[in-house]
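Visitor: What follows is the residue order along each chain.
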Amino acid sequence: MSATPPAGSASLKLARSNRQSSARKRADRFGDVALFVICAAAALLAFLVIILIAKEVIEGAQPSISKFGVNFITHEEWAPPLEKFGGKGVILGTLITSTMALVIGGPVAISIGIFLALLAPTSVRNVVSPLVEMLAAIPSVILGFWGLIILGPVLVSTVEPFLHDAFGFIPIFGAPQTTGNSVFNAGLILTIMVIPIIASVTRDLFMAVPPDLQDGAAALGSTRWEVIRGVVLPTTISGMTAACLLGLGRALGEAIAVAQVIGGSTESHLSLFKPGGTMASLIALQFNSAVSKLHTASLYYLAAILLVIGILSNLLASWVGRRFGGAGGVTR
Amino acid sequence: MSIDDQTFDPVQARNGKAPVPGRRIRIRTEPLPGAIGAPAASTESAGEAQLHVATEAIFEANEVGIFYGAKQALIDVTMNIRRGQVTALIGPSGCGKTTFLRSLNRMNDSVSGFRIDGKILYRGHDIYGSNVDTVEVRRRIGMVFQKPNPFPKSIFDNIAWAPRNLGMRSGLSERVEKALRGAALWDEVKDRLKDSALGLSGGQQQRLCIARAIAIEPDVLLLDEPASALDPIATGAIEDLIHSLKGRFTIVIVTHNMQQAARVADRTAFFSLETRGERPIGTLIEFDDTEKIFGAPRDPRTRDYVTGRFG
Amino acid sequence: MRLLPRGEQPPLDPTLPLVASGNLRRRHAASRIIQSLSVAAAIAAVAVLVIVIAAVVTHGAKAINWEFITSGYPTGVGPYLVGTAEIVAIATLMAMPVGVLIALFLSEYAGRRWTRPVQLVLDVMNGLPSIIVAVFIFSLLVAGKGQSGFKAAVALSILEVPLIARGTQEVLVLVPSHQREAADALGVARWRSILTIILPAAAAGIVTSTLLSVARAAGETAPVLLIDSLAKGDKVQLNPFHEIPNVPVRIFQLSEEANPEGFTEAWGLSLILIVIILALGLGSRALLNRSKRKMTR
Numbered sequence: 001m002s003a004t005p006p007a008g009s010a011s012l013k014l015a016r017s018n019r020q021s022s023a024r025k026r027a028d029r030f031g032d033v034a035l036f037v038i039c040a041a042a043a044l045l046a047f048l049v050i051i052l053i054a055k056e057v058i059e060g061a062q063p064s065i066s067k068f069g070v071n072f073i074t075h076e077e078w079a080p081p082l083e084k085f086g087g088k089g090v091i092l093g094t095l096i097t098s099t100m101a102l103v104i105g106g107p108v109a110i111s112i113g114i115f116l117a118l119l120a121p122t123s124v125r126n127v128v129s130p131l132v133e134m135l136a137a138i139p140s141v142i143l144g145f146w147g148l149i150i151l152g153p154v155l156v157s158t159v160e161p162f163l164h165d166a167f168g169f170i171p172i173f174g175a176p177q178t179t180g181n182s183v184f185n186a187g188l189i190l191t192i193m194v195i196p197i198i199a200s201v202t203r204d205l206f207m208a209v210p211p212d213l214q215d216g217a218a219a220l221g222s223t224r225w226e227v228i229r230g231v232v233l234p235t236t237i238s239g240m241t242a243a244c245l246l247g248l249g250r251a252l253g254e255a256i257a258v259a260q261v262i263g264g265s266t267e268s269h270l271s272l273f274k275p276g277g278t279m280a281s282l283i284a285l286q287f288n289s290a291v292s293k294l295h296t297a298s299l300y301y302l303a304a305i306l307l308v309i310g311i312l313s314n315l316l317a318s319w320v321g322r323r324f325g326g327a328g329g330v331t332r
Numbered sequence: 001m002s003i004d005d006q007t008f009d010p011v012q013a014r015n016g017k018a019p020v021p022g023r024r025i026r027i028r029t030e031p032l033p034g035a036i037g038a039p040a041a042s043t044e045s046a047g048e049a050q051l052h053v054a055t056e057a058i059f060e061a062n063e064v065g066i067f068y069g070a071k072q073a074l075i076d077v078t079m080n081i082r083r084g085q086v087t088a089l090i091g092p093s094g095c096g097k098t099t100f101l102r103s104l105n106r107m108n109d110s111v112s113g114f115r116i117d118g119k120i121l122y123r124g125h126d127i128y129g130s131n132v133d134t135v136e137v138r139r140r141i142g143m144v145f146q147k148p149n150p151f152p153k154s155i156f157d158n159i160a161w162a163p164r165n166l167g168m169r170s171g172l173s174e175r176v177e178k179a180l181r182g183a184a185l186w187d188e189v190k191d192r193l194k195d196s197a198l199g200l201s202g203g204q205q206q207r208l209c210i211a212r213a214i215a216i217e218p219d220v221l222l223l224d225e226p227a228s229a230l231d232p233i234a235t236g237a238i239e240d241l242i243h244s245l246k247g248r249f250t251i252v253i254v255t256h257n258m259q260q261a262a263r264v265a266d267r268t269a270f271f272s273l274e275t276r277g278e279r280p281i282g283t284l285i286e287f288d289d290t291e292k293i294f295g296a297p298r299d300p301r302t303r304d305y306v307t308g309r310f311g
Numbered sequence: 001m002r003l004l005p006r007g008e009q010p011p012l013d014p015t016l017p018l019v020a021s022g023n024l025r026r027r028h029a030a031s032r033i034i035q036s037l038s039v040a041a042a043i044a045a046v047a048v049l050v051i052v053i054a055a056v057v058t059h060g061a062k063a064i065n066w067e068f069i070t071s072g073y074p075t076g077v078g079p080y081l082v083g084t085a086e087i088v089a090i091a092t093l094m095a096m097p098v099g100v101l102i103a104l105f106l107s108e109y110a111g112r113r114w115t116r117p118v119q120l121v122l123d124v125m126n127g128l129p130s131i132i133v134a135v136f137i138f139s140l141l142v143a144g145k146g147q148s149g150f151k152a153a154v155a156l157s158i159l160e161v162p163l164i165a166r167g168t169q170e171v172l173v174l175v176p177s178h179q180r181e182a183a184d185a186l187g188v189a190r191w192r193s194i195l196t197i198i199l200p201a202a203a204a205g206i207v208t209s210t211l212l213s214v215a216r217a218a219g220e221t222a223p224v225l226l227i228d229s230l231a232k233g234d235k236v237q238l239n240p241f242h243e244i245p246n247v248p249v250r251i252f253q254l255s256e257e258a259n260p261e262g263f264t265e266a267w268g269l270s271l272i273l274i275v276i277i278l279a280l281g282l283g284s285r286a287l288l289n290r291s292k293r294k295m296t297r
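Protein chains in written order, with this note's numbering: chain Z, 1 to 332; chain Y, 1 to 311; chain G, 1 to 297.
Just so you know, these hints were derived from the structure itself, not from any lab.
There could be a bad hint or two in this list.
With a straight-line Cα cutoff of 25 Å, these simulated PhoX-like cross-link-like pairs (lysine-lysine) come out [said to hold, decoys possible]:
| no. | chain 1 | residue 1 | chain 2 | residue 2 |
| --- | --- | --- | --- | --- |
| 1 | G | Lys-294 | Z | Lys-293 |
| 2 | Y | Lys-194 | Y | Lys-147 |
| 3 | Z | Lys-274 | Z | Lys-88 |
| 4 | Z | Lys-274 | Z | Lys-84 |
| 5 | G | Lys-62 | G | Lys-145 |
| 6 | Z | Lys-55 | G | Lys-145 |
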């Protein structure tokens, strides 16, 4: 609604102000439409990018898909000079490292979430929370470099021999290699990356559990842990799941840090202490030096698989977080 | 000479309620019209021992003051709460009655800046003493909150949760049934114990919370405006429930509904704001038998409140 | 009549002192153990942070001197620093408007029908592994056409957009509705009220999320590795349409070469990168706190 012209003015003034207000109205309408269009265009651009990504990656993988088909997933021989490419080794490596990151990192991160949300006094929380989030801010290339130079030697000299001696009968604790580049190292680095993500999400989740629900449990003569176990954790299960799925997505897609510490092998094996490979890290390591079109296409094939898994876990995280909202879904 | 003898209570009789145990000593000052089943001799000769046994103080508050940081919320509260009775805390909002109630089972501990002066004795033990186990305090002194807060679990699990924690694992179904019966909820939910408690109506949820509280057999029940979030019919059900529970439990109830206090309480404490120094602080104005508070209050402020002149 | 359990526990004797009765001592012990474990987990996380940062600082400080920062390969890393700054600046310049516009779309125009799909797209974009974005841009822009800093900036902007969009969205939601209503009541056109009232109110949040996305982009290696890794680093390259030396790729190359002499340079670069990222993080956090205080006044 535009300003009404002043009453009792001369007709000339009235005509001029009418012209002004209709010119202004036109400008406003144009501005409204223009702003809407560019906002919508930006949103459309995002859609387009996702679709383009899928298209480019799958197209790039075409030569390899048509040559190997589904066997790509079941065969492990990856020999570029022989034009033989099988992804089983790196797919397995991806699964092992990501599982390790979640199995170790998940409970640790949830414990940190419990600490920050429910146990720590506000002053402590205000200091430790940013520190935990800072862990997520470390670029993966620096973390990978640290893992290579500092963590690797420590693992090789102390942890891996210890675990092998103590639990060597389990296949994953096989004989350690000497280089420090191992699946185990990569798994630990991924754990470090995954923990701050899950911790800050679960911290927010736990803080959103209604206090009167916790009061009700406390008023029944329950210990702190019983209140957490009986009320806080059950109401946040879906959120915790979504948080872990987010962490999983991160672990699956991490290319650089893993590339630095995992040793770049494509062998399919179960031992944590041998070098290995993941889909993302193999792409990072071999893409620039691919020897043939089929080699590149096979790397695209790995990227396509990674894209599908990555998007699926992301969608699953959003869906779980939204569907079972409960005490505040996952907003990240 | 037992506490369970029938004794006539005029206030209750007017409302058609059942006789109340433990009241005989209070009536010994004058014989009441229509007193039945109470031989005059035993009333007249009531001795100190009977006095002590029948109206033993569960809580003794001595000059209690409560602070939140620098701000004082409550000052100078001295009162005894007697075993087996219903004691109501009434007064306008913001005068500290809920604060006092929550201090009785240490539920204020989690509020930042909370500090308490004076002493609160529970059965002779200082609740805020240095060796006191807060979890044990809440085990014996249960609480039901203003807004029903059932756990997002099944009806059965809501009630069975705390007993399981306490190690009462055998006879759980009987315990749950007895608690639900005690809360007058059994008939309504007995066929759907596995259903979620969140599907119950507000009044049912509140009775569930009461059942949850009594399932672990506390000594005392603290009720913080238990019916204020409920409709009148549900409120009536809660009040009937309180009547049936008293005697078994000592009940302290905060209510801003005076008529409710008059209906359910044996003794009533009137809290209000009193200006001490710069700002008004909540304090206990008058504490007496319910019929005295409502019928013949001593303090003019009490009279103003109960006759509806303010608040 | 009291509730009687099937005879396994003696009924509570309320006259006993208020110390743990029955199984409470055991339950307290269990609770204390769990609490200790959570504290230990938090300490472990902070310890890892301290260990990593300490390693970067102690090893990197040895490398840092004036010549290191200002000269080029092989004695210094100046060109890499300039290169990364340039690429990130271009990427952010592209990403910020797009991110803000998408957030505006979600908060002002989306309505029930479009909010979920757009939100979903943003979530997917946010979760895209950076190596995939790298492969995508390589396929789209680099294959057969050559590397350049600009193309790397495009890749980085794809990673920055969801961060900026989400951060902006969070602040747009906080703009009090009475400000919007007042504008409507005055008859102000929608576009005017958005540009002159709502966006400025959200400015701090937009700046904060932009700073955070800059911090993220500065450390991203994968996209740049595939798209702009051939530059030599001996002199500063300002033209974005050529290959530009940059920091994360250099660190990666040094770590892969396994030449101990190169490690010192890598530590030095890491230290500079971490300092910049932490400074951006702290700065944005301080900004956020200041703006939150303003908003809730």
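Visitor: So, for every hint listed, does it hold in this structure?
Guide: Structure-based check of all given hints:
Proposed proximity of Lys-294(G) and Lys-293(Z) is contradicted: the alpha carbons are some 58 Å apart, above 25 Å. Proximity of Lys-194(Y) to Lys-147(Y) is assessed by CA-CA distance (about 23 Å); at most 25 Å being required, the pair is judged to hold. Between Lys-274(Z) and Lys-88(Z), the direct Cα distance comes to roughly 16 Å. Compliance with the 25 Å bound is thereby established for this hinted pair. This hinted pair checks out: Lys-274(Z) and Lys-84(Z) have alpha carbons roughly 23 Å apart, not beyond 25 Å.
Distance hint between Lys-62(G) and Lys-145(G) is unfulfilled; the C-alpha atoms sit about 40 Å from each other, more than 25 Å. Distance restraint check for Lys-55(Z) and Lys-145(G): the Cα-Cα separation of roughly 19 Å lies within the 25 Å cut-off, and the hinted pair is therefore satisfied.
In summary, the structure is inconsistent with hints 1, 5 from the numbered list given earlier, while agreeing with the others.
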